[in-house]
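Listed here are the chains, written in short residue letters.
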Amino acid sequence: MTSPVLAVARPVGEPVHDEGSGAWTAGFTVAVTEDEPVFAGHYPDFPIFPGVCVMECVRRAAESVRPPRAEGLRLVAVESTRFTAAVHPGDELSVEVTWSPRAEGWRCAAKVATARGRTASVRLRYGAGAPTC
Amino acid sequence: MLTPAQVRATLPHRYPMLLVDRVLDAGEDHIRAVKAVTLNEPWYARLGPRATPDELAYPDFLLIESWTQTAGILAKRLAGETAEGQVMLFGSMSGIEFHRRAFPGDTVEHHARLQRAVGDTMIFEGESTVGGEPLLTMGGITMAFRPGEALAPPPS
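Sequence order for the protein chains is A and B.
full-length UniProt numbering puts the first sequence at residues 1 to 133.
full-length UniProt numbering puts the second sequence at residues 1 to 156.
Please note: incorrect hints may appear among the correct ones.
[To be verified] Partner residues aside, some chain B positions facing chain A, computed with beta carbon under 10 Å:
| # | residue |
| --- | --- |
| 1 | 15 |
| 2 | 43 |
| 3 | 46 |
| 4 | 59 |
| 5 | 86 |
| 6 | 90 |
| 7 | 96 |
[To be verified] Short derived list, chain B residues pointing at chain A, Cβ under 7 Å:
| # | residue |
| --- | --- |
| 8 | 61 |
| 9 | 65 |
| 10 | 123 |
If you're looking for bench data, these hints aren't it; they were derived computationally from the structure.
Glycine residues also receive a C-beta, built at the ideal position from the N, C-alpha and C atoms.
Given these sequences and hints, build the entire structure.
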């Protein structure tokens, strides 16, 4: 998938499946280096990793551990996101992703932190949804 | 109407993250702007010799960024002098729906409206279209202006 982010989400351990709820949980780390192309313009002399790029890291982490029954679904909505602290070059993101089955499709909720604490929470929704063009 | 030069003067964003090309019109509580998607976008630079249609879809979250930059121009106009020297921050977003994808050659039109203002925080809503067809619904985003030090990197 075409992406504005170079950094790769590295898994921390194996995804954990909860039989009762049907949810899957997985952890990742993402090293945000000064080589990310977005820093050149966001902002010149004042590099901040854009919130949408934090969301992109969540998405790529989440889609690398899609539950078997969520295969073929696409991102149809961002239910909510909250940004609580800025991410800078050199930060390592810790991302915890939980996929939960819903009446229509799946919800993917993520918590994102740096060494300084929580930086964002993101809730995505996947479904049969929109056409590709 | 804001020319590309005026857009550039209003937003602190620069290449490759300046994602608004021109403002079509801006009123007291609404704004309409366009972003043209081209094959020359930097995000396509690493594609192999045969790109799939999916790979040529403009990154979904950059559409959100482009819309929020449009809302940011309106926010800056509304804030006036109080925004001088301050950094524009997005606190939260909700109810964002994707209806289709954008491709090179598309002109994306963003429409943002001020839903309400609480203290120094503004909440915007709106949508984006391509050729009159729905692309994105933006349920609500909150934005505030803060001193730059609030975002400064930690001492290393």
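Status of the hints after comparison with the structure:
Interface restraint check for residue 15/B: the shortest CB-CB distance to chain A comes to about 5 Å, inside 10 Å, so the restraint holds. Contact between residue 43/B and chain A, as hinted, is supported at the beta carbon level, the nearest pair being about 5 Å apart and thus within 10 Å. Look at residue 46/B: its Cβ gets to within about 8 Å of chain A, closer than 10 Å, so that hint holds up. Of the supplied interface hints, the one on residue 59/B holds, with its beta-carbon coming within about 6 Å of a beta-carbon of chain A, less than 10 Å.
Of the supplied interface hints, the one on residue 86/B is violated, with its beta-carbon coming no nearer than about 13 Å to a beta-carbon of chain A, more than 10 Å. Interface hint at residue 90/B: satisfied, since its Cβ lies 6 Å from the closest Cβ of chain A, which is below the 10 Å cut-off. For residue 96/B, the interface hint holds, since its Cβ comes within 10 Å of a Cβ in chain A; the closest pair sits about 4 Å apart. Given the 7 Å rule on beta carbons, the hint for residue 61/B holds: about 4 Å separates it from the nearest Cβ of chain A.
Here the hint on residue 65/B is kept, as its CB sits about 4 Å from the closest CB of chain A, short of 7 Å. At a threshold of 7 Å, the smallest CB-CB gap from residue 123/B to chain A is about 13 Å, leaving the interface hint violated.
Going down the numbered hints, you'll see the structure goes against 5, 10, while the others check out.
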